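A.B. asks: Read off the chains here:
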Amino acid sequence: MTEANKKSEIEIVAKVEHARHCANFIKENETFVFDIDGKLLPEKSTANLCLGMLARIQPALMVAKERAASGLDPLPVTIPYLDCFDTGIDFGGMGKVTVKLFTQKAN
Amino acid sequence: MNKKPKETTYHYETDYLKNDDLSELKEPLSRALDLSEEDFNRLSPEVKNLLSGRRRLGVTWLDDYEVVAEVISDEGCTCGVKRGQVAVFDMRHRLKTEKSNIECCMHLLAPVLAVFYMSFDRASEGLNPLTRIWTHFECVKTSDTLAKNKARVKVYLRNAKTHEVMTKAVLDENWNLADDRSK
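Chains as they are written, first to last, in our numbering: chain A, 1 to 107; chain B, 1001 to 1183.
The shape of chain B in the complex, shown without the other chains:
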């Protein structure tokens, strides 16, 4: 196993989880992810922030919401992707085949991964985990139409049970920024 001294994170002046051992999350996470005591104690500041999303949006937020990628154009696509088809992901970016009817073309779906890089970051701040900027993605194939004809999707967040689309900017009812909480 690779062992590496802890690094300093340089993205923020204050790492408000520096002295926080995430005690209430330690046992269930260690059990779920097969983490030893040593493993847990050497989690990076970045991953501690990732895990802290549970405090802001609730311990079950990864199951409470889902991301839908809905096809909005299919011109030029030869893979069978059609307008209106959907791919549904849980918040761990696992494709929910039971809720999806899309032809699972990886050239269209792979770019959607970027949503989930942002979602954990936003959740740790109590924000709606879905970015409100990067909501459209397209097939990576340029083709000889100079990228005019492509399959494209728009993404949105919805409640996993009710399917209500979640458009509130902030989902943490006790919202404040992480830096504010450390003061």
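Bound conformation, chain A alone:
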């Protein structure tokens, strides 16, 4: 981990709110944790690190960084849910995972 990130006090957490037929066996209440620069922190994350979910979160990490740099709450007040790239069993896919974003203070 870089020196800059050690100093970061804010982390972005994506907590699994719902999961169904997920081929990576992601389960509710598991988490993906990121620093404010948009880097995944595997040692703090409890979910299997599926790129189909992580890539969906990436744009939100850019927003969070921008907002934090502007002195705002990193997460906007719009609906804080994101779902994975798999379209789910009813729409030509298989599974579907939905996460809710929030921030936490880094320890």
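Do not rely on the hints blindly, as some may be mistaken.
[As the list claims (entries may be wrong)] Covered by chain A, according to a simulated footprint, are these stretches of chain B (three or more residues, beta-carbon under 8 Å):
no., segment
1, 1041 to 1051
2, 1104 to 1115
3, 1151 to 1165
Keep in mind the hints are simulated off the structure, nothing from the lab.
Being a predicted model, the structure only gives us computed values, none of them experimental.
Each residue gets a CB set at the ideal place from its N, CA and C atoms; glycine is no exception.
Keeping the supplied structure of chain A fixed, place chain B upon it in accordance with the hints.
C.D. replies: Then chain B, alone, in the frame of chain A:
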């Protein structure tokens, strides 16, 4: 639960799995993915093709291979990504942290997901699951150097156990195209 009538797939003239219930895959997949009988029976043609990759590359192909994204340039990167670092994914696009030493910057790794959209499609045809066209990806940040300085990765497929790089175009030893098999 959303219920939707089955759609027709328009990508190919022939859906060779139309009357194939994937019987040998039904039980283990249903157990692994928590699929009811009803769930399994309404799998879309697209997902049936996805699952059929097991027939071409072996039932354990998702565990037999892995995709490596190796950093080949790091100019301008402020996230700690360095040339030579690797991110290793299994074929379900799960990051294998035990084999990876990359700073897990999502702005660099997110674009790599495209590899896996192609991999299932290619596997269902018996091809090497890694595209031989889209093998380089880069950070989504443009920066004020007008995209000249970026972290970039090249991707390759390797055997998960031996780490032998897999460059054969076709991995199915009994290879023929799906449309040929339906005749």
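A.B. asks: Checking each numbered hint in turn, tell me which of them this model violates, lowest number first.
C.D. replies: 3
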